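These protein sequences, in sequence, are chains A and B.
Take the first sequence: its letters are residues 67 to 243, numbered as in the numbering used here.
Take the second sequence: its letters are residues 922 to 1087, numbered as in the numbering used here.
Just to be clear, a hint being listed does not mean it is correct.
[To be verified] Straight-line Cα separation of at most 27 angstroms, BS3-like style, residue types lysine-lysine; simulated pairs: (1) A/K233 to B/K943; (2) A/K229 to B/K1060; (3) B/K1075 to A/K205; (4) A/K229 to B/K1036; (5) B/K988 to B/K1060; (6) A/K218 to B/K988; (7) A/K232 to B/K943; (8) A/K121 to B/K1036; (9) B/K1075 to A/K232.
Derived by calculation from the structure, the hints in this document are not laboratory data.
Quick caveat, the model's predicted, so the values are computed rather than measured.
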Amino acid sequence: MSVSTYPSKELSALERAYILLTQNGMPVIPQPFHYIAEQLDISVEQALAMTKDLKQRGIIRRIAAVPNHYKLGYRFNGMTVWDIDDEQASKFGDAVGKLPFVSHCYLRPRQLPNWNYNLFAMVHGTTPEEIEVYRSQIKDLLADVLQDRGNKLESYNMLTSTKILKKTGLRLKNKTA
Amino acid sequence: MTTTQEKFSNAPASSSDYVLDKLDRALINLLQHGLPVCENPFAQVAQEVASNESEVIERINNLLAHKVLSRFGPMFDAACLGGAFTLAAIAVPEERFDEVTEIVNSFEQIAHNYKRDHQFNMWFVIATELKEEIAEVVKAIEAKTQLSVLNVPKEEEFYVGLYLPV
Chain A
67 MSVSTYPSKE LSALERAYIL LTQNGMPVIP QPFHYIAEQL DISVEQALAM TKDLKQRGII
127 RRIAAVPNHY KLGYRFNGMT VWDIDDEQAS KFGDAVGKLP FVSHCYLRPR QLPNWNYNLF
187 AMVHGTTPEE IEVYRSQIKD LLADVLQDRG NKLESYNMLT STKILKKTGL RLKNKTA
Chain B
922 MTTTQEKFSN APASSSDYVL DKLDRALINL LQHGLPVCEN PFAQVAQEVA SNESEVIERI
982 NNLLAHKVLS RFGPMFDAAC LGGAFTLAAI AVPEERFDEV TEIVNSFEQI AHNYKRDHQF
1042 NMWFVIATEL KEEIAEVVKA IEAKTQLSVL NVPKEEEFYV GLYLPV
């Protein structure tokens, strides 16, 4: 497999319209769901019910504020990568994902000989020292499952970002179908 | 498409640093976890932070205008947007970095691209509508840059989300 795909969860035309309306944000006004109802030409009760249903189906993760890392002082991030035993990878990936300072955690395929890491965990902090501490905490957790390949390949690494080269959001396209 | 938030935020935008007070911090922490789904959600939030609805709304709009918050609203699972994704990397010779950045970024399917301190020093997300397109984009990038692309799509996801306490 060379691609991650998602089964496209079935969305009604109204749900698509809801996503298109709110994917760039919703207004911060006393009655935001009244606004959504008006825009979609449905009742407020319907707008609330639809929101709850989308949440329950996992299509909406939550209705929340997304902080700007940099403005809040979280200027440092590290992509920590680990070469761990495949048999144990799911169990330990789950444990790493539960650490409070980890924002994303995935298993990915190794691409030997150049890339031997199968677990990725993103960490964020306000100082370089802080993310080093996080890396060592993950290392402690994974100590027993780290692979030693006995050649030039390391069993773990942390890649810090030195520059954002491009950043655009992922968007639902407005299809006229 | 103009963003809904732009239309409703009337606080002046400023690039100067915004100093957070206790209420701002309480709101930032609370609102990362989620807004209740009800007719007057901000009134409910106000109760939890010992404030009132209009103050809370003004503060949140201020935080958005000053870009302390980059967005407010439903956070959708990428799955509902459909399509295919992968994470990819290239080991770019330092002297070619700017040129390769330009080539990679020129593909509209590249959503994020970061420079990182490793032999694989360029890391980007490829997002396409169709699964088959991922391989086409990888091939096209390799052809244009004459560099090979490391393609590491996710196989299992454990956690996506981030709480940044302030």
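Hint-by-hint comparison with the structure:
no. : hint              : result
1   : A/K233 to B/K943  : violated, 31 angstroms
2   : A/K229 to B/K1060 : holds, 25 angstroms
3   : B/K1075 to A/K205 : holds, 21 angstroms
4   : A/K229 to B/K1036 : holds, 5 angstroms
5   : B/K988 to B/K1060 : violated, 37 angstroms
6   : A/K218 to B/K988  : violated, 44 angstroms
7   : A/K232 to B/K943  : violated, 34 angstroms
8   : A/K121 to B/K1036 : violated, 35 angstroms
9   : B/K1075 to A/K232 : holds, 21 angstroms
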